[in-house]
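So the protein sequences, as listed, match chains A and B.
All you need for the working numbering is the position in the first sequence, starting with 1, plus 1.
All you need for the working numbering is the position in the second sequence, starting with 1, plus 12.
Keep in mind that the hints were calculated from the coordinates and are not lab data.
Everything numeric in this text was worked out from a predicted model, so none of it was measured.
Treat the hints with care, since some could be wrong.
Said to hold, decoys possible - Examples of chain B residues lying across from chain A (beta carbon under 10 angstroms, computed):
no., residue
1, 101
2, 241
3, 251
4, 330
5, 397
6, 439
7, 490
8, 498
9, 521
10, 523
11, 542
To be verified - For lysine-lysine, the following DSS-like pairs were computed, each having C-alpha atoms within a straight-line distance of at most 25 angstroms:
no., chain 1, residue 1, chain 2, residue 2
12, B, 408, B, 382
13, B, 507, A, 294
14, A, 286, B, 417
15, B, 507, A, 274
16, A, 286, B, 408
17, B, 507, B, 408
18, B, 65, B, 311
19, B, 382, B, 553
20, B, 510, A, 286
Beta carbons are placed, not taken as given, at the ideal position from N, Cα and C, and that holds for glycine.
Okay, here's what each chain looks like letter by letter:
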Amino acid sequence: MRARTTLAVTALVLAATIAAKLAAQGAPPPPPPPPGGAPQTPAPPQTGRGNPTATFPAQQRPPADPALVTRGKNIFEINCRACHGGDLRGGDMGGPNLLRSPIVLGDQEGELMEPIIRNGRPNSSGGTPMPPFPSVTADDVKALAAYIHSVAATMRGQGSPPAGEAVTLNIVVGTATAGQAYFAANCASCHSATGDLKGIAARITDPMQLQNAWVSGNGRGAGGRTPTPVTVTVTMANGQKAEGRLQRIDDFLVVLVPADGRARAYARGPNVKVDVHDPLEPHIKLLARLTDKDMHDVTAYLVTLK
Amino acid sequence: MSVKRLFLTTTLILAPAMMAGQSQTPQAPKVTPGPAANVDGATGGLDPASMLKPLAENWPTYSGDYTGRRYSTLTQINQQTVKNLTLAWRIQLSAATGLGANAGRTGGAGGGANVIVGGEGTGEYPSGMPTIKGAVLAVDGVLYLSAPDHAWAIDARDGRELWHYYWKTRGGTHIGSRGMGMWHNYLYFETPDNYLVSLDARTGQERWHVPIADFDQQYFSTMAPVVIGNHVLVGTGNDLDMPGFLQSYDPITGQRQWIFYTVPMNPGDPGLNTWPSLDAARHGGGQVWIPGAYDPETKLYIFGTGNPTPGYTGVGRRGDNLFTCALVALNVDTGKMAWYYQTSPHDTHDWDSAQTPVLIDGAIAGRPRKLVSTASRNGYFFTLDRVTGETVVTGKFGATTNWAKGIRANGAPDPDPANEATIPGSLVSPVEGGVTNWPPPAYSPDSGFFYTQENNSYNILYLTDPDPRGSMGLGGKTVAPVGAAPNALQAIDYKTAKPGWRHEWPRGGGGSNGMLATAGRVLFTGDGSGNLVAFDAMDGKMLWHSRIGNPSNGPQTFQLDGKQYLLVATGDVLWSFVLY
Numbered sequence: 002m003r004a005r006t007t008l009a010v011t012a013l014v015l016a017a018t019i020a021a022k023l024a025a026q027g028a029p030p031p032p033p034p035p036p037g038g039a040p041q042t043p044a045p046p047q048t049g050r051g052n053p054t055a056t057f058p059a060q061q062r063p064p065a066d067p068a069l070v071t072r073g074k075n076i077f078e079i080n081c082r083a084c085h086g087g088d089l090r091g092g093d094m095g096g097p098n099l100l101r102s103p104i105v106l107g108d109q110e111g112e113l114m115e116p117i118i119r120n121g122r123p124n125s126s127g128g129t130p131m132p133p134f135p136s137v138t139a140d141d142v143k144a145l146a147a148y149i150h151s152v153a154a155t156m157r158g159q160g161s162p163p164a165g166e167a168v169t170l171n172i173v174v175g176t177a178t179a180g181q182a183y184f185a186a187n188c189a190s191c192h193s194a195t196g197d198l199k200g201i202a203a204r205i206t207d208p209m210q211l212q213n214a215w216v217s218g219n220g221r222g223a224g225g226r227t228p229t230p231v232t233v234t235v236t237m238a239n240g241q242k243a244e245g246r247l248q249r250i251d252d253f254l255v256v257l258v259p260a261d262g263r264a265r266a267y268a269r270g271p272n273v274k275v276d277v278h279d280p281l282e283p284h285i286k287l288l289a290r291l292t293d294k295d296m297h298d299v300t301a302y303l304v305t306l307k
Numbered sequence: 013m014s015v016k017r018l019f020l021t022t023t024l025i026l027a028p029a030m031m032a033g034q035s036q037t038p039q040a041p042k043v044t045p046g047p048a049a050n051v052d053g054a055t056g057g058l059d060p061a062s063m064l065k066p067l068a069e070n071w072p073t074y075s076g077d078y079t080g081r082r083y084s085t086l087t088q089i090n091q092q093t094v095k096n097l098t099l100a101w102r103i104q105l106s107a108a109t110g111l112g113a114n115a116g117r118t119g120g121a122g123g124g125a126n127v128i129v130g131g132e133g134t135g136e137y138p139s140g141m142p143t144i145k146g147a148v149l150a151v152d153g154v155l156y157l158s159a160p161d162h163a164w165a166i167d168a169r170d171g172r173e174l175w176h177y178y179w180k181t182r183g184g185t186h187i188g189s190r191g192m193g194m195w196h197n198y199l200y201f202e203t204p205d206n207y208l209v210s211l212d213a214r215t216g217q218e219r220w221h222v223p224i225a226d227f228d229q230q231y232f233s234t235m236a237p238v239v240i241g242n243h244v245l246v247g248t249g250n251d252l253d254m255p256g257f258l259q260s261y262d263p264i265t266g267q268r269q270w271i272f273y274t275v276p277m278n279p280g281d282p283g284l285n286t287w288p289s290l291d292a293a294r295h296g297g298g299q300v301w302i303p304g305a306y307d308p309e310t311k312l313y314i315f316g317t318g319n320p321t322p323g324y325t326g327v328g329r330r331g332d333n334l335f336t337c338a339l340v341a342l343n344v345d346t347g348k349m350a351w352y353y354q355t356s357p358h359d360t361h362d363w364d365s366a367q368t369p370v371l372i373d374g375a376i377a378g379r380p381r382k383l384v385s386t387a388s389r390n391g392y393f394f395t396l397d398r399v400t401g402e403t404v405v406t407g408k409f410g411a412t413t414n415w416a417k418g419i420r421a422n423g424a425p426d427p428d429p430a431n432e433a434t435i436p437g438s439l440v441s442p443v444e445g446g447v448t449n450w451p452p453p454a455y456s457p458d459s460g461f462f463y464t465q466e467n468n469s470y471n472i473l474y475l476t477d478p479d480p481r482g483s484m485g486l487g488g489k490t491v492a493p494v495g496a497a498p499n500a501l502q503a504i505d506y507k508t509a510k511p512g513w514r515h516e517w518p519r520g521g522g523g524s525n526g527m528l529a530t531a532g533r534v535l536f537t538g539d540g541s542g543n544l545v546a547f548d549a550m551d552g553k554m555l556w557h558s559r560i561g562n563p564s565n566g567p568q569t570f571q572l573d574g575k576q577y578l579l580v581a582t583g584d585v586l587w588s589f590v591l592y
């Protein structure tokens, strides 16, 4: 085993050195082609060395010849897909996820995959073993490796998989009538379906954004209305009051912007009363008792307010 | 054997691919030792035995001492004198190296005058602004600190840069460096591209570097090495469904002594029945991000493990997922586990248990007990027997924490599957960052209080990848922050898990704040609103503050020339306060 490893080292050192040299050379290579016909979100920029966003070798790797990748994809679809999945994340037949496989991650151009493809291997988790493909050619392995690495290169940050095919998920699962009843009991003292929330679902057309906006009370940036600013009243020891928009507060100072627009800071102390008025306070309180069911029901109701 | 392996060192570094190739399972590389060249620094300097003493003049290891209390016995700065604290010096650290992408940035303490360069990369990655997010060692008048790819020695008397070591990285996630470890005259730190680097503390010259995890497998290393006797304990991190592990290295040679995996790696391994398959376990995470505590009487090193992976989609890893999100106690000489206690069974919220545990010699029901306490990112506080790992008390310290459906018989919170990410959205508190996070807590034996930050925010968690196989890494979800209740500083009674006192921060305060307690009965922390604040550790009264910006590491203290200093970093600036 050790002798074999040592032999492998020589080849790998060469491969790694070549890869490193390639990666270090010249202008940033263009992004690799997408691994299939599936819609892709933009891949992370493939600028190779010098790009701090390409943090790991799987993303630093220079793209392979597109023709080789295409050939590898075809081989994969025919021979590998059933077990390893069309997205390489494991398939119905029990093959492991290749995108997080240490063998794939450590491989340069098929040298680590080749013995496994050729000889097969037992399944370490007791599942279906990988069958051998004794007649596979060295060129086939290279093409397969190029394809697999091209998919791995499209993985996103923090270990997230490639974007894959866009999936439409319906987050509206609640009951509108129940939501309307909840709204009447809990929201109607401040909000009205015919007043401030009239047409809310037309302004915020994405139900997820709508749900986020109504739960937080902050629809800014999502087509909602700019929330009323937080204000503060400072009552000094002599009874004098200052009022304005709250700019900043800590345990020692409160900074407010009164109507004249000129910010003023007041020292806090035992004889200085500070009252902060946050229009979103009812929403913060609501969060503590809002169940997921009520949240989904209200969203189902609000999406009807077009 | 060892000679042959020495010859292999260089080739191994050139060929990270080979490490994975040695094995058909996800595991750490076969690690080779660095050349044990010059050992004239192996005596003198910082005696490892001195770290067993209560924390006083020096700050020689991540938490100050091994207890994790961050409690200094120094008393010059105390409840009466703290109001007289004044600035001794402040320096802005510089990442300028005179090389490649980093040539341009100058200024700061030393201006890159004496830069020692190492590393296996090309030097093309820009360093940006260094941020101090870890401990600063203070040993005999010199401060040793690190940021990703950088290490500095600073004169503690005036903030002058003595040397600056720059590591040319191969890449990796540059999220932070939690500091250095020290053994006699040698320093140890980890790089984002997974090397343990040893420097001569006197000169900053590199002694050796050894690979500690496989870069191809997307490990990245942040932990401050912890030196215990002749062990250098090293943890690594990963976001791509790879197994976590803690390793021990020889401080002289850099040769690995043992490795402990935090998840089952082989058939028959303990904990395997808490995973659906060996494959799931081997990709189950449990990274070792943060140093633990050490009890010399039992020789147990007790540390917290990271979350299971994939992080948010637990569908492919049903079960409790041992030994992720747990306190784990290992014999420091053998790396063998004595006990574990899982603080978050089957986590699905990225709430690792990588918080610094605190050893407390206390009394429960009148009986003296050897205890360990931890305030977990998931919003629960635990006190355990640190000899056996048995529960003593559990309490919820996050005011809005809502994810568990109850407490199990062993004191662990029981996760409610309804509070995982769902397609229509699940309203969960805390948010991803947790009620607390890596910034260290403190404990004062004077008050009996465990001090922690308490962050109370909500988000809606949407499952965006409903694939029955689960997603990968931290993928598969969308997070929408929807509001925050006030954050607080909490002094928890370790016996009852209930607050002794609680200081609610004004709007916008709180957040990421480490703690320091002292025998002067003062507690130092940041308020999240730009102030460094001193509290009366006994009752929470505020005694002093300075608006220096939000601390990026936990405050520390040391004594030099008869004067007690208070030390804290705000990003790339290091502040030193003193009493004259």
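Okay, the hints, checked on the actual structure:
1. The restraint placing residue 101 of chain B at the interface with chain A is violated, with a minimum CB-CB distance near 24 angstroms, outside the 10 angstroms limit.
2. For residue 241 of chain B, the interface hint is violated, since its Cβ never comes within 10 angstroms of a Cβ in chain A; the closest pair sits about 31 angstroms apart.
3. Because the smallest distance between the Cβ of residue 251 of chain B and any Cβ of chain A comes to about 4 angstroms, under 10 angstroms, the interface hint for this residue holds.
4. Contact between residue 330 of chain B and chain A, as hinted, is not supported at the beta carbon level, the nearest pair being about 14 angstroms apart and thus beyond 10 angstroms.
5. Taking 10 angstroms as the C-beta contact cut-off toward chain A, the hint placing residue 397 of chain B at the interface is violated, the least distance being around 34 angstroms.
6. The criterion of a C-beta within 10 angstroms of any C-beta in chain A is met by residue 439 of chain B, whose closest approach is roughly 6 angstroms, and the hint holds.
7. A hinted interface residue such as residue 490 of chain B counts as satisfied when its beta carbon comes closer than 10 angstroms to some beta carbon of chain A; here the least separation is about 7 angstroms, so the hint holds.
8. The closest approach between the C-beta of residue 498 of chain B and any C-beta of chain A is roughly 9 angstroms, which is under the 10 angstroms cut-off, so the hint is satisfied.
9. Satisfaction of the interface hint for residue 521 of chain B is found here, the shortest Cβ-Cβ separation to chain A being roughly 6 angstroms, below the 10 angstroms cut-off.
10. A least Cβ separation of about 12 angstroms between residue 523 of chain B and chain A goes past the 10 angstroms threshold, and the interface hint is therefore violated.
11. Below 10 angstroms, beta-carbon pairs count as interface contacts, and residue 542 of chain B has one with chain A at about 7 angstroms; its hint therefore holds.
12. Using a Cα cut-off of 25 angstroms, the hinted pair residue 408 of chain B and residue 382 of chain B holds, with the two alpha carbons roughly 22 angstroms apart.
13. For a cut-off of 25 angstroms, the pair hint linking residue 507 of chain B to residue 294 of chain A is broken: about 37 angstroms separates their Cα positions.
14. Note on residue 286 of chain A and residue 417 of chain B: the hinted pairing holds, with a Cα-Cα distance of about 21 angstroms set against a maximum of 25 angstroms.
15. Taken as a hint, the residue 507 of chain B and residue 274 of chain A pair is broken in the structure, with Cα atoms around 36 angstroms apart against an allowance of 25 angstroms.
16. Among the hinted pairs, residue 286 of chain A with residue 408 of chain B is consistent with the structure: their alpha-carbon atoms are about 19 angstroms apart, no more than 25 angstroms.
17. Note on residue 507 of chain B and residue 408 of chain B: the hinted pairing holds, with a Cα-Cα distance of about 13 angstroms set against a maximum of 25 angstroms.
18. Of the pairs offered as hints, the one joining residue 65 of chain B and residue 311 of chain B holds, with about 15 angstroms between alpha carbons and a cut-off of 25 angstroms not exceeded.
19. This hinted pair does not check out: residue 382 of chain B and residue 553 of chain B have alpha carbons roughly 30 angstroms apart, beyond 25 angstroms.
20. Between the alpha carbons of residue 510 of chain B and residue 286 of chain A the distance comes to roughly 23 angstroms, so the proposed pair stays at or under 25 angstroms and holds.
Going through the hint list in order, the structure does not satisfy hints 1, 2, 4, 5, 10, 13, 15 and 19.
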